[in-house]
Each structure stands twice: as structure tokens, then as C-alpha cells.
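Let the hints inform the model, and build the full structure from the sequences given.
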Amino acid sequence: MRIKFFVLLSCISMYLNAQLTVRGKVVDEFETPIPFVNVFVQGTSNGTTTDDDGRFAFTIPEKKGTLEISLMGFQTQTIKISPKVTFLNIVLKEGTDVLEEVIVVSKPKKRLKKKENPAYKILKEVWKRKRKNGLDLVKHYQYKKHTAIEIGLNNLDSSFVKTLFKDEYKDVSSEIKYDSDGINYYIPIFLSEQIANVYGNNKTNTEREDIEAEKQAGLGAQGFVFDRMSNTFQNVDVFRNNITLLRKSFVSPLSTDGFATYDYVLYDSIVENNKKLYNIYFFPIRDEDLAFKGNVWIADKAFSIKKLRMEVAKGANLNFVRGLTFEKEFEVRKDSIYIPTKNAYEGDFTFLDKNEANKGLTIKKTINYDNYILEKAYPDDYYLKSNTKIRPDQYEKSEEYWQAKNTDENKETYNLIATVKSKKQIKKLTGLINTVSSGFINIDALGIQLGPFWTALASNEVEGIRARLGFRTFTTKDDRFRLSGHIAYGFKDKEIKYGAEAQYLLSYKPRITTSLAYQKDIEQLGSTLFNTNQLLGSTFGTSALFSRGNNFFLSNIEKLATNFDYAIHNNFHVGFNLSHSRIRSASPENFSASYFDDLGNLQSTVTDVASDIYISFTPGRFVYGLGVQQRFGRNIFPSLVFNYRHGYKGFLNGTHDYDKIQFRYNQPILLGKFGLLDATVEGGKTFGKVPSSLLSAIPANQSYSLVPNTFSLLNFYDFVTDQYVSTHFEHHFNGFLLNRIPLLKKLKLRSLATFRAAYGTISDENRSINDAVTNSRGTRNILYNVPNKVYYEYGFGIENIGYGNLRFLRIDAIWRSDYAAPGNSIAVPTPKFALRIGIKPDL
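Residue numbers are given in this note's numbering: position 636 of the sequence shown equals residue 636, and the series is strictly consecutive.
Since the hints were derived computationally from the structure, they do not count as laboratory data. In this text, all values refer to a predicted model and were calculated from it rather than measured experimentally. Each statement offered as a hint is correct.
Here are the simulated lysine-lysine pairs, DSSO-like style, with alpha carbons at most 30 Å apart:
(1) Lys170 to Lys428
(2) Lys293 to Lys130
(3) Lys144 to Lys276
(4) Lys397 to Lys411
(5) Lys424 to Lys177
(6) Lys130 to Lys342
(7) Lys275 to Lys64
(8) Lys276 to Lys145
(9) Lys124 to Lys342
(10) Lys115 to Lys275
(11) Lys25 to Lys354
(12) Lys365 to Lys177
(13) Lys203 to Lys385
(14) Lys342 to Lys121
(15) Lys389 to Lys203
(16) Lys427 to Lys354
(17) Lys840 to Lys293
(18) Lys248 to Lys114
(19) Lys145 to Lys389
(20) Lys113 to Lys248
(21) Lys121 to Lys275
(22) Lys177 to Lys354
(23) Lys301 to Lys130
(24) Lys421 to Lys162
(25) Lys477 to Lys385
(26) Lys385 to Lys145
(27) Lys128 to Lys275
(28) Lys427 to Lys365
(29) Lys130 to Lys115
(30) Lys301 to Lys139
(31) Lys301 to Lys128
See the structure below:
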């Protein structure tokens with residue numbers, strides 16, 4: 001039943017706001033399907049081309065019109081269409097029509113060289129002008145932008161709809177939309193709109209966007225997942241050689257290197273408003289490549305883009321994606337300036353496979369541009385200001401405002417959503433997708449969420465089986481106050497652990513948050529090098545269910561901490577932490593965290609009183625939510641973090657005075673069709689004499705899964721340093737290699753390569769207070785082995801492993817360099833080679 005509900009929430013859709021769906025099939029006189037036939041409404045560029053089976057389907061805003069069906073070598077037909085016509089069976093007869101200006105070819109059985117392809121001459125002119133055409137040709141511009149995001153259930157049969165609405169079915173049946181196939185139903189569950197005014201200054205390369213109004217309705221507003229899914233579609237710039245989508249690089253059909261990825265076919269030309277338009281169809285040479293198929297209309301003489309429609313090839317096999325469609329329309333002014341009039345992005349998501357019969361989830365984002373004013377200048381400082389959204393209700397408008405702005409179709413959608421959102425079946429479905437995506441289960445009556453469920457069970461040598469129940473308060477995603485926490489129990493040590501954190505948004509502008517946390521729990525120190533504003537410990541060292549070897553390197557921590565975070569910008573934060581921690585070994589008989597104090601006395605507990613000052617800079621990161629907790633998009637952006645920590649001896653019984661500086665820099669680099677390189681460099685230095693629990697252990701990973709920025713073939717505390725630098729490089733080829741190997745490419749697998757290295761040292765004074773310390777068995781199990789000859793791991797992997805649409809597995813083969821393992825270590829010696837599994841249920 002869980003899978004049934006999830007599949008029901010996955011989806012399919014094309015052009016939700018259309019008022020008339022035109023479908024049909026084109027064959028010749030021998031009933032053989034004809035591909036690549038132009039099917040368009042006369043006098044417009046609304047239409048499409050037939051697929052390999054001669055089928056076509058598209059939507060138009062008009063309720064009637066005249067359809068023109070044409071292909072070189074066949075007689076052109078015209079057919080009147082209306083809502084009464086649901087399916088067209090069209091037979092084309094052979095003819096003698098030819099274009100005088102250009103040679104039109106059919107889909108080549110053998111690839112043509114560029115200079116032999118008539119489309120090349122036209123595209124060559126587009127490449128020359130794409131940096132010059134458009135709004136860049138004017139000094140100043142302004143326009144109004146209307147963005148609508150709609151999410152709905154799709155491919156629903158009539159029995160489901162009747163069960164859903166029951167007695168209300170007759171009343172709402174006229175409002176329910178059809179899928180693009182005109183057979184099954186589509187039901188919207190969420191709709192948001194935003195109207196904004198944009199002002200641009202090309203002289204100073206600045207742009208200002210002022211939000212005028214916002215509105216949203218439906219079940220999607222209950223969680224972060226719909227925000228993240230809606231923002232899957234950011235602005236797609238087809239004029240760049242490579243298009244970034246879902247953290248992957250797709251080759252643009254207008255790329256100057258497009259002929260290495262696409263086959264282009266010039267099919268036809270039409271005259272619209274006394275201007276000639278060429279229609280060029282493109283499709284990937286290899287279906288498995290990250291590329292698109294579709295067609296583009298190019299204006300004669302100016303060689304500017306009038307309209308483009310493209311979709312991701314199904315062979316690209318993205319997780320949960322059945323289809324992604326993009327449509328762009330432009331208006332050409334003065335024969336040289338093209339300005340966008342519409343962007344439409346549509347995603348069709350399913351759980352298991354791409355079967356068109358499966359129910360699914362549709363996300364559609366439509367942006368309409370109008371009210372263009374060119375060359376109206378404002379003072380330069382005007383473009384530097386903008387109305388930033390800081391409160392959830394900041395741009396709410398009256399119902400009268402939206403009545404004037406909304407189309408009849410949008411009004412019907414809002415009415416239908418109001419009816420749908422009260423249905424138990426829909427609530428269950430949307431609740432399930434929120435739970436699967438966040439890991440939390442809603443308890444509406446109490447205003448809390450329980451979870452995340454993936455940390456409910458774990459295992460380690462100290463606690464045995466560890467059961468954990470987490471919670472957080474939750475009214476809306478924009479709550480200013482949030483209380484979260486957990487309670488855990490170890491079945492081996494028979495002890496209860498717990499922790500809680502209260503967070504509050506003090507100010508919307510500037511954005512200032514504060515938090516207070518207390519915990520009494522077991523942590524795996526040494527699984528991460530540092531964090532900034534995470535007060536409660538949450539490490540995979542104590543949350544993994546299966547691990548290799550023995551791990552007694554755990555610490556009992558009683559901690560009280562507070563955080564103050566100031567956002568200079570959404571992606572530029574400075575913050576201050578103050579913490580008081582009591583740290584001791586969780587298994588003294590196996591692992592000693594003791595040290596010798598200045599008087600030579602052996603101490604088993606460290607009292608760490610410390611403050612942290614950090615700076616976090618993440619330019620280009622997507623940020624969701626306006627409450628105390630925000631979520632971040634998985635887009636491509638650099639990240640730079642600096643942290644300075646000072647320990648206070650004597651203050652609040654602190655045992656050590658020290659300073660520590662650390663940094664981390666992460667830079668994902670898109671290399672076009674060659675894939676994505678994810679590079680991380682981090683380092684730090686500790687000044688002062690401190691025990692092992694306050695030093696920097698090189699992050700190890702004793703689980704069988706892959707964890708970012710850790711070393712898979714190290715044991716915890718194999719390397720302990722007071723100054724270090726480490727690097728992590730991971731390159732995803734995104735099918736560039738395996739898609740070119742016959743037979744193997746049918747598996748749709750993708751390859752990757754990894755390299756990680758660490759170098760560090762430790763001072764004699766830090767050795768002196770720890771080296772002679774033994775555990776209760778008399779064993780010195782931490783000997784301060786350091787990677788002073790550079791320790792490294794390298795590997796090769798295969799990802800995109802799975803079935804159908806569900807391909808979230810990855811397997812890495814990893815090797816390590818030689819190093820002298822600590823002598824007397826209770827951990828099982830690490831192998832020089834291992835296989836590790838990664839799970840990434842992402843798009």
C-alpha cells in the first residue's frame with residue numbers, strides 16, 4: 001500500500017493550462033506511420049512534429065482553429081479542429097512541394113557532415129549572433145514577470161476520481177482537467193503565483209527585481225519538499241553551451257559544439273507576420289547522453305530564436321523522472337532584439353519506471369513576461385535596491401487584486417484545490433511524500449513531527465542496539481520558533497540518552513536567529529573535523545546500523561551550548577557559539593580519553609568551555625523557507641567556511657586554554673559533457689596543549705556506506721593531529737564514458753573516480769600529555785599516528801544502479817596507500833582494498 005500511494009503521487013503531464021488538446025496519428029497511403037511531420041495551427045507557431053510512430057499531441061489556448069499538416073514530399077493538408085474532435089487519423093498523399101531557398105532533408109540514416117547539413121548554415125548564423133541578440137542590445141530595460149507553479153496528481157482513471165469525489169463528482173467533473181492524452185484525469189493539489197517587476201541596467205550589469213504580489217494554496221504549503229521540487233526548474237539559458245539541470249550538465253541544442261551531441265534536420269519554413277521562420281529538429285546521437293530532443297523556430301535574416309521546445313531524452317534515465325519538458329517563446333523587435341515572452345517547464349515524476357500507464361506527480365512552472373519598456377533609464381543606484389522577501393505574508397494581496405489578475409482557468413484551479421485538499425485520500429498521499437522526503441511523520445493534533453525515521457535504529461559496541469526517537473514542533477515551514485530533540489536507549493549499556501534544542505528567529509531583517517541546546521548522549525568524536533551552528537551532536541559513528549571492525553572510541557558528552565547567527569545575506573552568515581562540555585570515555589576499559597594535567601595528575605574528564613566565531617559564504621545557493629529553520633537546494637554552488645575557536649581554562653571550570661582555526665572550501669565544477677568534478681579542501685591548526693578529545697582526528701568511516709569527506713579505509717582515531725590539511729576529489733562522468741561502449745551502454749550506468757588525501761602532524765607537547773595514558777587494561781590504544789607522509793585513498797565507481805526509474809545505488813572500489821597502523825590498537829586492521837555502497841535517492 002505504501003508503494004501504491006507513492007506511485008500515485010508520482011506523475012505525468014503536458015501543458016496544464018491548455019484549453020484544447022489536439023491528438024492524432026499521421027500515416028501514408030499504405031498506413032505506414034510517418035515521423036517528423038509538421039502539425040501546426042495555421043498562422044501561428046503552435047504545434048509539434050510527429051514521433052517515430054507518427055503520433056502527435058499538443059495543447060493550444062484557443063478552442064478552435066485550422067490545423068496544417070505538412071512534410072516535404074507530401075501534399076499539405078488542412079483540418080478544422082474543435083473540442084468535439086478528440087483524435088485525428090490523418091493520411092498524407094505524396095506530392096511535389098519543395099522549398100526553393102533551402103534543401104530540406106528527412107532524418108538521416110547516416111550522419112551528415114556539418115557542411116553537408118542545411119541546418120548548419122542557419123545554426124552557424126545563430127552562434128554568431130547569440131551574444132548580441134536580445135535585451136543585451138539595449139542599455140536599460142524593464143518588464144513584468146508572472147510566475148506560476150502548479151503541482152498535481154496525473155494519469156488518474158475515472159474510477160479513482162469518482163471514488164475521491166463521491167457525491168460531488170457531478171459538480172466538479174466539469175472543472176477536472178485532462179492529461180495531454182485527453183483520456184485520463186489530472187487533479188491539481190498546489191498552486192503558487194508571484195508577480196514581480198524587473199529593472200535592468202546593462203551599463204552597470206545590475207538587475208533589480210521587486211516582488212509585487214504572491215499567493216499560494218493547497219497541500220504543498222505544509223512542507224519543504226514541494227518548494228524543493230518546484231525549484232527543480234530554475235532559469236534554463238539555452239544560449240549557453242551547457243545547461244545545468246539537477247546538478248548535471250546537459251549540452252544545449254544551440255551549443256557551438258552541438259554537432260558532436262546532436263543530429264539536426266531542417267524540415268520546413270513558414271511565414272508568420274510577414275517573417276520567415278525555419279524549423280530545425282534536433283535529437284541526441286546517443287539516447288543515453290544528457291541531452292534533449294525537440295525543435296526550434298529561427299527567424300530569417302536576424303537568425304534570432306522565435307520558439308523552442310525540447311524535452312530530456314528518456315534514455316538519459318534520471319531518477320524518478322519520466323519526462324522533463326521545456327518551452328521558450330520570444331518576441332523579435334526591430335529585426336534584432338529578441339525578448340522572452342514565455343518560459344514553460346514541466347516535470348513528470350514516477351517512482352518505479354517510465355510506464356505511461358502509471359500514476360504520477362506533475363510539476364509545472366510557467367513564467368510569462370510582458371509590459372516591456374526599453375531604454376527608460378533610472379539612476380544607477382536604483383538598480384542596486386530591491387524589495388527582499390523577509391516575512392511569509394509580506395506580499396499577500398486582497399482577493400480583489402487576484403480576481404483582476406487571474407485567468408478563468410486559474411480561478412477554476414483554485415476552486416478545485418479548495419475542494420481537493422480536504423479529501424482524506426489526497427491528504428494521505430501528500431503526507432506520505434512529505435514523510436518520505438523529510439523522514440518526519442506529522443502528528444497534526446499535537447503540532448509535532450516524529451523522526452527522522454532513518455535514525456531510529458543503530459548499533460555500536462558500547463550501546464549495542466540503539467533505539468532513538470526524535471521529534472520537532474511543526475505548525476508550518478515558516479515557524480519562528482522550533483523545539484527539536486531526541487531520546488535514545490542502549491540495550492547493552494541499559495542507559496537513556498537525550499538532547500533538545502530550542503531555536504527562535506529574533507528578526508526577519510536583518511535575519512538573526514538564536515538557539516539553546518542541551519544533550520547527554522554518546523558521540524563519535526573524530527567522524528567530522530568541524531561544524532559551525534550544529535549544536536546537537538549527530539554523527540554517523542553512532543547512527544550506523546552496520547559497521548566493520550570494533551569501535552570503542554566513543555565519548556560520553558554532557559553539553560550545554562548556545563548559538564547566535566546573523567545573516568548579512570541569505571548566503572553570507574556570521575555567527576557565534578558558546579559551549580560547555582564534559583567529555584569522558586564511554587568505554588574506559590577499551591578506550592582512554594584521560595590525560596595528564598599540569599601537575600602530572602591523571603584526569604579522566606575534560607571540561608571544555610569554548611567559543612566559536614564563524615563565517616559562512618555560499619554564493620548562488622537556493623534557500624527555502626522564511627522561518628527559523630531553512631532548507632537548501634541541491635544546486636551547484638561554492639561553499640567557504642572559516643571557524644575560530646577559543647578554549648577558556650578556569651572559566652566555568654574549563655580545563656584547557658587553546659585556540660583552533662579551521663577552514664573548508666568546496667567547489668563543484670561542471671565540465672560540460674565530461675561531467676561534474678566536486679572538489680573539497682579543508683585544513684586547521686590547534687594552538688596549545690590539549691588532550692585527544694580536543695585534537696583533530698582525520699575523519700574515518702567504519703560503516704559500509706559512503707560518507708562525504710571521510711576516509712573509508714581508516715578506523716576512528718587512526719590519525720590524530722593538531723594541524724592538518726585534507727582534500728577530497730570526486731568526478732562524476734555522467735555517462736560520458738560508458739555511453740560510448742556498445743552493449744554496456746544499454747545498462748545506463750555511469751562511472752566516477754575519487755581521490756582523497758590527508759597530511760598532518762602533532763606537536764611533542766600534545767604527545768606528552770596523552771602518549772603515556774593507558775586504558776584500564778594497560779593498553780595505550782591511541783599512539784598519535786599522523787599522516788606526515790600523506791595518506792591517500794583512490795577509487796573507481798559505478799552509479800545509476802537500480803531498476804527502471806529507481807536508480808539510487810552506487811558501488812565504489814577503493815584502494816589506500818600504505819601506512820604504519822598504530823601498534824596496540826584494538827580495532828581490526830584496515831584492508832588495502834574494499835567495496836563500499838552509496839545510497840542517494842535523488843533526482
